[in-house]
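Colleague: Order-wise, the sequence lines are chains A and B. Just so we're aligned, residue 154 is where the first sequence starts under the numbering used here, counting upward by one. Just so we're aligned, residue 698 is where the second sequence starts under the numbering used here, counting upward by one.
No lab work stands behind these hints: they were computed from the structure. Bear in mind the structure is a predicted one, so any value in this text is a computation, not a measurement. Hints are not guaranteed to be accurate.
As the list claims (entries may be wrong) - Residues from chain B that keep clear of chain A, each with C-beta distances beyond 10 Å, as calculated:
1. E749
2. Q760
3. L762
4. C824
5. K837
Said to hold, decoys possible - Pairs of lysine to aspartate or glutamate, EDC-like flavour, derived with a Cα cap of 20 Å:
6. K591(A) x E755(B)
7. K578(A) x D279(A)
8. K578(A) x D736(B)
The C-beta atom is built at its ideal place from N, Cα and C for all residues, glycine as well.
Okay, here's what each chain looks like letter by letter:
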Amino acid sequence: MTMKQWLLSSFVASTCLFSIAASAGPIEKYTPVTADRLKNPEPGNWMLYRRTYDGQGYSPLDQINTSNVKDLVPVWTFSTGVIEGHEAPPIVNNGVMFVATPQGQVIALNAKTGDEYWRYKRQLPDDLFQLHPTNRGVGLWQDKLYLATTDDHVVALDAKTGKVLWDTKVQDYKKGQYLTLMPLIVDGKVIVGAAGGEFGVRGYIVAYDANNGKELWRTFTIPGPGEPGHETWSGDDWKTGGGSAWMTGNYDPDTRTIYWGTGNAAPWPGDTHPGDNLYTTSVLALDPDSGKIKTYFQYHQNDSWDWDEVDAPMLIDLQRDGRIFKSLIHPGRNAIFWVLERKPDSIKYVAGWPYVYTDVWKGIEPETGKPIVDPAHKPVMGKRVEFCPSLWGGKDWPSAAYSPKTRLVYVPANENFCGGFTGEKVPLVPGQLWLGTKPEDIGLKVRAGATHFGELQAWDPATGKKVWSHIFPRSHLFGSVTATAGDLVFVGGTNDRMFRAFHAKTGELLWEQKTNSGIMGMPVAYEVDGTQYIAIQSGWGVDAQRIQDALTTNNIGIENNVPQGGVVWVFALKK
Amino acid sequence: MSSPSDQTRRTIILTAFATAVHAAVPRPAAAEEDRPGSDLRPQKADLLVFAEGDQAGEAIKPQDLKPGGPFVRAWPKDPKTSVIRKGSRLNEVVVIKLDPAELDDDTRARSADGIVAYSIICSHAGCPITAWGKAAQGDKDVLKCVCHNSEFDARQSAQVVFGPAPRRLAALPLATADGLLTVAGTFVGKVGVQQGG
Numbered sequence: 154m155t156m157k158q159w160l161l162s163s164f165v166a167s168t169c170l171f172s173i174a175a176s177a178g179p180i181e182k183y184t185p186v187t188a189d190r191l192k193n194p195e196p197g198n199w200m201l202y203r204r205t206y207d208g209q210g211y212s213p214l215d216q217i218n219t220s221n222v223k224d225l226v227p228v229w230t231f232s233t234g235v236i237e238g239h240e241a242p243p244i245v246n247n248g249v250m251f252v253a254t255p256q257g258q259v260i261a262l263n264a265k266t267g268d269e270y271w272r273y274k275r276q277l278p279d280d281l282f283q284l285h286p287t288n289r290g291v292g293l294w295q296d297k298l299y300l301a302t303t304d305d306h307v308v309a310l311d312a313k314t315g316k317v318l319w320d321t322k323v324q325d326y327k328k329g330q331y332l333t334l335m336p337l338i339v340d341g342k343v344i345v346g347a348a349g350g351e352f353g354v355r356g357y358i359v360a361y362d363a364n365n366g367k368e369l370w371r372t373f374t375i376p377g378p379g380e381p382g383h384e385t386w387s388g389d390d391w392k393t394g395g396g397s398a399w400m401t402g403n404y405d406p407d408t409r410t411i412y413w414g415t416g417n418a419a420p421w422p423g424d425t426h427p428g429d430n431l432y433t434t435s436v437l438a439l440d441p442d443s444g445k446i447k448t449y450f451q452y453h454q455n456d457s458w459d460w461d462e463v464d465a466p467m468l469i470d471l472q473r474d475g476r477i478f479k480s481l482i483h484p485g486r487n488a489i490f491w492v493l494e495r496k497p498d499s500i501k502y503v504a505g506w507p508y509v510y511t512d513v514w515k516g517i518e519p520e521t522g523k524p525i526v527d528p529a530h531k532p533v534m535g536k537r538v539e540f541c542p543s544l545w546g547g548k549d550w551p552s553a554a555y556s557p558k559t560r561l562v563y564v565p566a567n568e569n570f571c572g573g574f575t576g577e578k579v580p581l582v583p584g585q586l587w588l589g590t591k592p593e594d595i596g597l598k599v600r601a602g603a604t605h606f607g608e609l610q611a612w613d614p615a616t617g618k619k620v621w622s623h624i625f626p627r628s629h630l631f632g633s634v635t636a637t638a639g640d641l642v643f644v645g646g647t648n649d650r651m652f653r654a655f656h657a658k659t660g661e662l663l664w665e666q667k668t669n670s671g672i673m674g675m676p677v678a679y680e681v682d683g684t685q686y687i688a689i690q691s692g693w694g695v696d697a698q699r700i701q702d703a704l705t706t707n708n709i710g711i712e713n714n715v716p717q718g719g720v721v722w723v724f725a726l727k728k
Numbered sequence: 698m699s700s701p702s703d704q705t706r707r708t709i710i711l712t713a714f715a716t717a718v719h720a721a722v723p724r725p726a727a728a729e730e731d732r733p734g735s736d737l738r739p740q741k742a743d744l745l746v747f748a749e750g751d752q753a754g755e756a757i758k759p760q761d762l763k764p765g766g767p768f769v770r771a772w773p774k775d776p777k778t779s780v781i782r783k784g785s786r787l788n789e790v791v792v793i794k795l796d797p798a799e800l801d802d803d804t805r806a807r808s809a810d811g812i813v814a815y816s817i818i819c820s821h822a823g824c825p826i827t828a829w830g831k832a833a834q835g836d837k838d839v840l841k842c843v844c845h846n847s848e849f850d851a852r853q854s855a856q857v858v859f860g861p862a863p864r865r866l867a868a869l870p871l872a873t874a875d876g877l878l879t880v881a882g883t884f885v886g887k888v889g890v891q892q893g894g
C-alpha cells in the first residue's frame, strides 16, 4: 500500500465513523408494532396504508386546522434519489419514518429532523419489465417491516437496521408477476396481492408468516374448476383472466374480515372472456386465517374497460334512510359511487350513482346492484369503441378519504375524460403485455366543452349529494386524499406541482405549496414531541405522467413540463 | 374437478416421467431458453431470426424488411449451434430498414445498407419497444415504448426525443452474409435500465 492510499483509507474510515455518529445508524429506540397498536393506533402515528384498518384515511390530529393552516411551512425535505411515481405514504411509528420509493428502496428517517437512519436498496434484475415502476409503502409488525417488490418478492427488514431478515419469492417476475402495494399486516400475517392484469395472470392474494416468510395461504381471485363462481367463465379463460389484486385491503377486526379489491378482466375486450367473470372487478371478503372467501360484491360484470376496482372500500358506520348500518363505500373506477352494506356473510347493494360523466351505464338493477351496460360503449373485438370515463376511470387507485367529523367522503375524481380502443386478438406470450388491443391504440380524449378535468369532490354518502367540489381546469387529479380532525383535506395530484389544503366543510382552498415535482403520493399526518406534521412524497410518474402525456396531445394548450425526481416534504406550523 | 388423490397420483406420475426423461436424454429435453448460449448477448456473426409471426425462427433477409418501417422483432441465433438466444429478454432487438441518407454517421456505420437494430428494452423501466409511429413532437416516425411514452429516433442512434427514458437504446451493429442479416459486433451502449437511488 502506498502512502497516498493509506492516507485515503484512513480518511475514508474516519469519515465513515463520523457520519455514523452524526446521523446514520441503527434506531436505538423503536416501539414494536402489535395487533392492538394496529387496531387502535395512537393519534400521532400512521402505521397502516390509510392509517386505520377501516381505510378512511383520516387523522384525529387537529393542531393544524382551518384557522392556522395558512402558517404551514416546510420543516425538512429529503431527496429520494430516484425518478418515477412516488406513491407511498410516509409510514410513521413513534418518531421513526419509513419511506418507500420506486426501485424497491426504503429509507428510514428521524420523523422530526429528517436525518437518515438507514437505507435499503433492492438490486432489481436487469431484465425486469416495470410497467408500473412504483411502490406504495412498507407494512409494520413487531420490530420488522415488509416491502413488496416489482420483481415479485416480499422482503422483511429489521426496522432498526434495514438488514434483510427474510426474502420470499411470490411468483416469477418473468411471467409478468409483480407487486407494488403496501402489504396489509393482520395478526402477524403479511398479506399481499398480485399485479399483472396486463400480462394475463390469474390474480391472487397471498399471506406469509411475518416471522419467517413461510406461505400460509394463497387465494386465487378467479375460482378454479369445481369452485363457486367458476361457472362465470368459459373454457380456459379463467386461467389467464386477470383479477389482479394490486392494492392493500382494509380490515374489520370485529368480524375478522379483510375487504380486498380486485382488478380488470383480461384481456380487455369483454367478448374475449364471455361471462360475468367472478371475481374480477369485485370486493372480496376474506378470512385472514385461511384466506377463504366469505362473500363478495362485483362492481360490474364482464369488465371490458380495464376498470380495476382494486382500491379497497372504506368501512364506515353510516346513517342513511333512518338507520345506522355498517357500510362499504367505494367511488369506483367504473364511475359509480357505491354504498354497500357489509354483513358477516353478505355484501348488499344499498345505493349507487355516477359521480363523473359516464356513457357506459344506463342504470343499476336495484335488487342486485348490477349496472346495466350500454353495448354501444362496451369494447369488443374488431371495432373501435369509445367510452366515458377513460380507462383510468372516474377515480383510479388513489384513495378517497372520509372524515367522521364532517361525515363526508372526499374523492380525487377525474371528469370529462373518455377513451377508446380497438379490440384485437393478441397471442399470450408470458411476460409480455396482453391487452387485447395495440398499446399504442389506447386513447384519452377530452369531452367537447370540458370546463375542467380534475375535481376534488365532497360527497355525503347518507344523501348522495355532492356538498362541494373544487375543479382543476388545466390538470387531472391523480393523488390520494387525506382528511384530518382540523377540518382539513390534503391532496396533491395536479400537474402544477402543488400540494394543497382545503376546508373540509366548504371546499375553500386554504393553503398551497409548490413542490419539486408533481405529487401522486398520499399525504399523512403525524405527531412527534407535541408537534403535528404533514408529510408527502412529491414525485411524478407512472399513470399521472401517462395522462399528462395524453393531455398534451389533445391540443388544449397543456404542456408536458412536470419534472420527475422524488422528494419527501414535511410541514409544520411556523413557530 | 379431480379429487386430491387423483392430483397426488398425477403429480407422482409426472415427476417420475420427468425424472426418466432427464436421466435418459437430458440435453434435447431442455427448453430452448435453457440451452447453453441462449442467454448470451448477441455475438458477432450471429444470425437474426424473426421473433414472432408466421416466420418466427426463420433467418431475416434484407428484402424481408419494408423500407421506412415498421420494424420487426428479432432474436440473435448462434449459427454454429443453432441456439436462438431467447434465454434473456435483454437479447431481443428491433430491426428496421431506413434510407441510409437519413442516418447520422454513427448509425450509418453500424447499419447494413440502412438496416439498423436496437435493443428492444427501453432504458427507462425495461418495457419493450412496441410501436413505430409519428412522434409526439414533430412529424417523423420514431421507435416508441408505449408503457411510459418514451420515444427514440432510430435515425440518430436511437437518442431519446420524448418521454422519461434517460438515455438511448443500445445499438446492435449489423452486416449481411450470404444474403442474410448478421450481427457485426456486440451491443454499443448498455442494454436495459440503470437503477437510480
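Colleague: With reference to the structure, classify each hint as holding or not holding.
Modeller: Hint check:
no. : hint              : verdict
1   : E749              : violated, 8 Å
2   : Q760              : holds, 26 Å
3   : L762              : holds, 20 Å
4   : C824              : violated, 6 Å
5   : K837              : holds, 16 Å
6   : K591(A) x E755(B) : violated, 24 Å
7   : K578(A) x D279(A) : violated, 30 Å
8   : K578(A) x D736(B) : violated, 29 Å
In the structure shown, a violation is registered for the earlier hints numbered 1, 4, 6, 7 and 8, in ascending order.
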